[in-house]
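Whole structure, please, built from the sequences with the hints as guidance.
2 protein chains.
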Amino acid sequence: MDVFEAIKKRHSYRGGFEETPIPREDLHKIVQAGLDAPSGRNAQTTQFVIVDEPELVRSIGHMHDRNKAMQQARAFIACVLDHEPEPVYEGMSFQVEDCAAAVENMLLAITALGYGSVWIDGWLRVDGRAEAIGKLLNVPVGKYVRILLPVGVPAEQVKQPAKKPFTQRAAFNTYSDRD
Amino acid sequence: MDVFEAIKKRHSYRGGFEETPIPREDLHKIVQAGLDAPSGRNAQTTQFVIVDEPELVRSIGHMHDRNKAMQQARAFIACVLDHEPEPVYEGMSFQVEDCAAAVENMLLAITALGYGSVWIDGWLRVDGRAEAIGKLLNVPVGKYVRILLPVGVPAEQVKQPAKKPFTQRAAFNTYSDRD
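Here the protein sequences come in this chain order: R and P. -2 is the number of the first residue of the first sequence in our numbering; add one for each residue after it. -2 is the number of the first residue of the second sequence in our numbering; add one for each residue after it.
Everything labelled a hint here was simulated from the structure, so no lab data went into it. Among the hints, a few may not be true.
The list makes no distinction among identical chains, and a pair is therefore deemed to hold if it is satisfied within one copy or across any two copies.
Straight-line alpha carbon distances no greater than 16 Å define the calculated EDC-like cross-link-like pairs of lysine to aspartate or glutamate that follow [as the list claims (entries may be wrong)]:
hint	residue 1	residue 2
1	Lys132	Asp174
2	Lys160	Asp33
3	Lys6	Asp33
4	Lys5	Asp33
5	Lys156	Asp33
6	Lys26	Glu2
7	Lys65	Glu153
8	Lys161	Asp33
9	Lys65	Glu16
10	Lys140	Asp79
Following this line, the structure appears as structure tokens:
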């Protein structure tokens, strides 16, 4: 799929999934896209756990009381970061940015391969969910699940919400020249 | 360009650029890819300034004493965030992630259109550079330039640094099963 088409088609999918399992070859391809993302100082510290063992997948999915994409996911991809990342430049680390760039690449790969997903982030940080999932996945002390992607073949058509127009969010040469 | 090819080809380019100017149509297409990125709760708070006015481009580029891609950039794209973003979910905001996802989309668009770029982030946070560039671009009080992308047609071939292998950064079903 053309890159601009994938970027345009990608959308947050919270509907149900078909029972179709996801071949490991596809999961590998999706996560490789995440590994190919840039990282601050090329540190490549973002780690991934791919979950496709059905019972484990169900245990994670059933933690969500509403989101059908979580509940019916056929696989999950978890991005794992350090609680106290090593600085890589002038005392700074860029793990949050690195992880987000990797997730965006994976969402585009998911879209191109005909799957659906939704970026699960804030939900993990509430009620000890990241910790509970980290335990299920044997994430070591000092690391935590930052972002989770449920993956499956969409069973429903969803309407993408409208995006703000270009001129409200972008301008040439001066910030002030926008609607 | 196929999305997987763009993901694989994208790399940090710090070399010189040809004098070829960048048509606004292409800059528009690149920034539209950024606007199409997901954002937490679809808040779409990341703002963009596209710099192609030659004198303004030079003023920004010459702030870097080393990076040729900065010095010879034909255009810049600046991502602008809020110093104190509105919470969008359980007291959290996701502007840093939103911005990073938008930047990754733009880097893929840049790659697909035959341009080169490099993600400039930490450098902006040192010696008041973000503030100085914000002033040049009339970024209002309360907002700041978080990420900057120099853009141009690469004049040099660079060798991509090696990436860590899949099995060092990813594993199935348990974190511990990795090299």
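Checked hints:
no.	hint	verdict
1	Lys132 / Asp174	between (50 Å within a copy, 14 Å between copies)
2	Lys160 / Asp33	between (28 Å within a copy, 8 Å between copies)
3	Lys6 / Asp33	between (21 Å within a copy, 9 Å between copies)
4	Lys5 / Asp33	between (20 Å within a copy, 6 Å between copies)
5	Lys156 / Asp33	between (30 Å within a copy, 15 Å between copies)
6	Lys26 / Glu2	between (18 Å within a copy, 12 Å between copies)
7	Lys65 / Glu153	within (11 Å within a copy, 49 Å between copies)
8	Lys161 / Asp33	between (29 Å within a copy, 10 Å between copies)
9	Lys65 / Glu16	within (13 Å within a copy, 51 Å between copies)
10	Lys140 / Asp79	within (4 Å within a copy, 28 Å between copies)
Of the numbered hints stated above, none is contradicted by the structure.
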